[in-house]
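Here is what each chain is made of, one letter per residue.
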Amino acid sequence: MSRKETVGTDRRTFLKVTGTGALTTITLAGCIGTEGDGNGGNGGNGGNGGNGDNDSNGGNGESPDTVVVGQPGSLTGTWDFLQPAASDATDLAVQQINDAGGPLDAEFEVNRQDTTVDPQQAREVLRQFIDSDGVAAINGLYSSEIEPLWEFIQEQQVPIITPWPGSTYLDTRGGDKGTDETDDDEWLWRTVIGDTVHTAGAAEAMIDQAGVERMGILSATSAGEEGWTRQFTSWYEELGGEIVEVISADEGQSSYQSQLNELFSNDFDAWALSFALEDAITILRNWEDGGYGGQLLMEDGLRDDSLIDEVGEQAEGAWIAAGSTEGPNYDQFLSSYEEVSDEGLHPWAVAAYDATNIIALAIHHAGETSHEAIQQSIGAVSRPDGTTVTTFAEGKDALDNGDKINYEGAVTDCDFTEHGNVWGDVVVERVTPDGFETEFTISGDDLQDEIDEY
Amino acid sequence: MEIPLAQEIIFGLVIGSYIALGAIGFTLVYGLVNMINFAHGEFITVGAFVGYLAVVFGGLSIPVAVVVALAITAIVGWVIARVTFEPMNEAGAVPLLLMSIGLGLVLRNGFRVIAGPSRRTLPRDVTTYRFDDWGFFVTSQQLFIIGVTLVAVVVLHVFLSRTMLGIAMRATSDNEDLALVSGIDTRRIRNAVWLAASGLAGVAGVMLAVSQSANPNVGFGQLLLIITAAILGGAGSPYGAIVGSYLLGIGITVSVAFLPSGLTELNATMAFVVLIVVLLVRPGGLVNAEVRTS
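Protein sequences, first through last, are from chains G and X.
According to our numbering, the stretch in the first sequence is residues 1 to 454, in order.
According to our numbering, the stretch in the second sequence is residues 1001 to 1294, in order.
Simulated from the structure, these hints should not be mistaken for laboratory data.
Each hint should be verified, as a subset may be incorrect.
Derived list of chain G stretches under chain X, where covered just means 3 residues or more per stretch with a C-beta under 8 Å from a C-beta of chain X [unchecked claim]:
| # | region |
| --- | --- |
| 1 | 257-265 |
| 2 | 279-291 |
| 3 | 317-325 |
Idealized CB from N, CA, C, for every residue including glycine.
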């Protein structure tokens, strides 16, 4: 056999085996869900899910020994850096709820499972929660999971209150439409403000407060980051600003220097960065190395203490626009949180505390653990009608006295709109090596005038 | 404003250096052990964590940490190969491939369990050198990465061309059966290949930890580019892998400047377009068989 033929055979073998390997890797990664950002697909109808009337939750009207709530989380994956604080805040709420006797005088438990923010894995976790664990409600899910699983979620008819998703997809979806019936309900509520709100605040801050009229954007191609970029661009241009260039880049690159160089070949007053933490750290270091300068605005997902730990000095002076963490009950929450956790707080962790309390209060209000009764109670315990309460203990006492209650949260006032959304302030903070310092705040009340449907 | 091509080439050389350090080891294993090691990315990750531990807890400088990571990752890779791949040596390419995929998944998730979600970055002390007349800048970190890669390439060249072990490696790569009957201890050669490939992966890991962070996915994230560079250069050829890596790196960066706004994320895709074109013209890769085995 000639050498050339040998090489040719080797090449064919190499390509064949490599191709087989690549396909197998992709398949295995999809099955096992080790990587964070697969799409996963919709997955069909997926069964009924039942009502969760297992032994632990008890049947309608009976007082169960234990009430279990499912918490799908990002224990691993791209967004895993946000989970520890959210888990601690949830556990704090659970502890306080049980200290107050629990909903329906039952032990309140949270069953936490990893989805890696992968839709396919999230679907399996939801199935397990509903079919096997008989959860009364669910506390969690990210936008990247909710959007592809929307039909599946609706079919389950299980109330979900999540502290994570900012997606504009939910602006007109979810909630109870303000009626007493469940026929028009969409079963999903969120305790954080949506992208529509905080990007409107960010755009207003840049135009009105900072006087920035021309901006460039460096954006990741993931759904969440593209969504932020699209929404911010829309508001910014509506307010009279000009986006001179948007440079998109895939995540996971070892360097973003050429993308920064391309972006900064344009003339603008400030630039925005829409990337997840890992890549944002690389980009901020590349930005400093290149000495590009300019005022930087970062997306809300980067408001995490890890950013300060890693690039506090390099990013000093940058702005970050995010939903305010400080709702009506924030100070009370913070003092309790600091006793149980060293994890840096972010808005989603505070929102997880609120979501847990609302679920527990809704169960107690419902007087049973059926999904329909809990769904009908979520608005009833949180909307502005009745005695204001800031903890489960206060709410339980009031409900036991026959009063209506209005839960005021730690991150927002939790007055859900008919689409299951909440309003809140938008805070623009400055990055310093020691932490985030508030520059200015845009009131959520002001933004309500600009947003038509939410 | 037009971006100087020199700047893009500098950036490309940096990215190419990351890729080259991984691709050389990957292609050595393919050429001499005859297996596609999909766990090669995890060997890089081992190097990243070793480098991080050496600097942060060992108090070593980054250059010394590179040497430590090279040595420890080489041993770790060799041990893993002895335990997993070598017993399956006669099983054929596909079982070995599946073993490497499974091993990669196990290692990657093992890192996750052990290391957790926190980012681990190395301390930075970066100086930027500006050459405005030439239209580019370069940082001390970029020079370090390019320099380390060049040293690795030179050492590899000397090793393959001037040492008995290196010459024996090339002979084994050409024809293992002939090498065996010629008295070459092919088992020793395989051990040397695993040590060299894993050691280079360890160096690549430290480089990535310097620029990004030591995290469970840092090596796996480079694997596609590494394999592409190896194919582009000519599978089994270390020199080809070097050429392929730098072409890929420069292709990725230069294409950003030429792509229209809104399509800049296609820069990596453009590099693969180059790969397809090259393979259509030269199915054996850029470095042909004669060069590879001369």
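Q: Examine the region 317-325 of chain G: at least three residues should have C-beta closer than 8 Å to a C-beta of chain X.
A: It is violated: at least three residues are needed, and the region 317-325 of chain G offers just 0 whose Cβ sits closer than 8 Å to chain X.
Q. Would you say the region 257-265 of chain G counts as covered by chain X, given the rule of at least 3 residues with C-beta under 8 Å?
A. Our answer is that it holds, as 6 residues pass the Cβ test (under 8 Å) against chain X, meeting three.
Q: Given that the region 279-291 of chain G was listed as covered by chain X, double-check it with a C-beta distance under 8 Å for 3 or more residues.
A: The restraint on the region 279-291 of chain G holds, since 7 of its residues have a Cβ under 8 Å from chain X and three suffice.
Going down the numbered hints, you'll see the structure goes against just number 3.
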